[in-house]
Amino acid sequence: MSHGHTHGPGENHNHSHGPPQQPAPPPVDPILQAQIDADFIPANLGLSPDNNFALCSAHSLEKCTDCGVDYTNMNRLSKLLVQNPTLLCPPPSNVVSQKLSQIVTTTKDEGNTLFKMGKHADAIKKYNMAAGIAVQRPPWESNNFMREELSTVVSNRSAAHLESKDYISALADAEMVIQLRRNWGKGHFRKAKTLVAMERLQDAADALRLGLAFEPSNVELTGFLAEIQEKQGN
Amino acid sequence: MASVLVPVLYMLIVFGGLGVFSYIYRRKAASKRLPAYFPTHAERNAYVSLLQKSDPPASDPLLKSALVRRAMADVQRVLRLREDKPALQALLQKGSIGDELWQSLLAAEKELEAEIVEVVSEANSFVEGWGQVIFPTANEMIANEKMRSMYETSEDAKRALELKYGMKASSSPSLPQITVGPAPSTPAKDTDPESPSKKAKKRK
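So the protein lines, in turn, are chains A and B. Counting in the UniProt record's numbering, the first sequence runs without a single skipped number right up to 234 at its last residue. Counting in the UniProt record's numbering, the second sequence runs without a single skipped number right up to 204 at its last residue.
Okay, chain A solo, but in the shape it has when bound (with noise of 0.2 Å):
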């Protein structure tokens, strides 16, 4: 039984394969192939002792500038199936770490506890573990939690800021949560706060505007144009 696929210029496979595939794919137009295969550049990759990791041949990094490779980012999947030796592939995305959700929510809350009593160095501190374990969600699930549970807690963060009189870290996470979820008009409404306090009321207007181009129906929004309105009116 032939391969259903072929793994580029002439050269024999080592990982094992599973048992008898699905009828073979359409075949491809052996031109468009050949095309393909002249196409390689054989990638200088150097591996780790372990044989788990890549990394470059020359200097034996993972990100090296110099050879210009950065394999950051597969070496963390790769180490996360490692660790998981029950994870054949990355699962569908609908399958979520609930453990991970619980965490961030508690540690989040504890934030918040902090904020409420006016501890706002401790309440950053908190925020700023949360959001930590927060991006550690493994990164094949859906991609909707992980930025719900960031754009909450980076904009608890940034009020936490603001009341330090923080006000380039305050802007700094307002403009990351727009980033995160441009929808939203929580994202808006925090940096139309940070500007007011920068005494930059034409910004913060404008900030609100847009957040308004979102969410047409935010209250909130619509309360603190006006406010701004007035203050720019006197």
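Check before you lean on any hint, since a few could be wrong.
Sample of chain A residues facing chain B (criterion: CB under 7 Å; computed from the structure) [said to hold, decoys possible]: (1) I41; (2) A43; (3) G46; (4) M74; (5) L81; (6) V82; (7) L87; (8) L88; (9) C89; (10) S93; (11) M117; (12) W140; (13) N143; (14) I168.
20 Å max Cα-Cα, derived SDA-like pairs, lysine to any residue [unchecked claim]: (15) K53/B - E62/A; (16) K53/B - H59/A; (17) K32/B - K165/A; (18) K165/A - A160/B; (19) K110/B - D37/A.
Think of the hints as simulated: they come from the structure by calculation, not from any bench. Positions of the beta carbon are idealized from the N, C-alpha and C atoms, including for glycine.
With the hints as your guide, set chain B onto chain A.
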């Protein structure tokens, strides 16, 4: 008084010349290589190179990971082609670009289709049925990586904002702090150690 042969000979020479010319021209056109629409496929090269390693052979997780990255690169190419195609078609109709670029795009499209079929069959060779799942997985991973990089480059974003607004974040290193109002010094200590501790978590 000339023989019948002359006009016949004339026709033969004319059409024969035409035939010879068109044959040579078509052969030349078929063998002419179009400029590639995309640069060389780095992830495909990496994957095939890893497969070729036999002493010592690359481990399965690494191969699967390389295959997923190859799928991700293909997804990005598909999106790019989908964007470019109607735009190029409009330009072509207006006459702003030559036919060659359009042919390059069509050739790239065909090659990409073949490439996708190959990736699916490679995936199925590792795990039965993975071929159906690998491209949705690649989609999710692309989004995930984008969000991750947004989060990790927040320090650079802060520097850019500092320049823009002429203010300093409380965590800015060693520069004189022009903070608005009584800024507590504690935020400086915990936002800086955040990056090395994040990196430590990532590497573990």
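How the hints compare with the structure:
1. A least Cβ separation of about 5 Å between I41/A and chain B falls short of the 7 Å threshold, and the interface hint therefore holds.
2. Among the interface hints, the one on A43/A holds; its C-beta lies about 4 Å from the nearest C-beta in chain B, closer than the 7 Å criterion.
3. Interface hint status for G46/A: violated, as the beta-carbon distance to the closest one in chain B is roughly 9 Å, over 7 Å.
4. Taking 7 Å as the C-beta contact cut-off toward chain B, the hint placing M74/A at the interface holds, the least distance being around 5 Å.
5. Among the interface hints, the one on L81/A holds; its C-beta lies about 4 Å from the nearest C-beta in chain B, closer than the 7 Å criterion.
6. Restraint check, V82/A versus chain B: the minimum CB separation of about 5 Å is within 7 Å; hint holds.
7. Taking 7 Å as the C-beta cut-off, the interface hint given for L87/A is violated, the closest approach to chain B being about 9 Å.
8. The interface hint given for L88/A is met, as the beta carbon of that residue sits about 5 Å from the closest beta carbon of chain B, less than 7 Å.
9. A hinted interface residue such as C89/A counts as satisfied when its beta carbon comes closer than 7 Å to some beta carbon of chain B; here the least separation is about 5 Å, so the hint holds.
10. A hinted interface residue such as S93/A counts as satisfied when its beta carbon comes closer than 7 Å to some beta carbon of chain B; here the least separation is about 5 Å, so the hint holds.
11. With a cut of 7 Å, the hint placing M117/A at the interface with chain B is violated, because the nearest CB-to-CB distance is about 15 Å.
12. With a least beta-carbon distance of about 5 Å to chain B, the hint placing W140/A at the interface is held under the 7 Å criterion.
13. Look at N143/A: its Cβ gets to within about 4 Å of chain B, closer than 7 Å, so that hint holds up.
14. Because the beta carbon of I168/A sits about 4 Å from the nearest beta carbon in chain B, less than 7 Å, this interface hint is met.
15. For the hint linking K53/B to E62/A, the alpha-carbon distance of about 18 Å falls within 20 Å, and the restraint holds.
16. Simply put, K53/B and H59/A have alpha-carbon atoms about 18 Å apart, close enough for the 20 Å limit, and the pair holds.
17. At roughly 65 Å between alpha-carbon atoms, K32/B and K165/A are farther apart than 20 Å, so this suggested pair is violated.
18. Our distance criterion of 20 Å between C-alpha atoms is met by K165/A and A160/B, whose separation comes to about 18 Å.
19. At roughly 14 Å between alpha-carbon atoms, K110/B and D37/A fall within 20 Å of each other, so this suggested pair holds.
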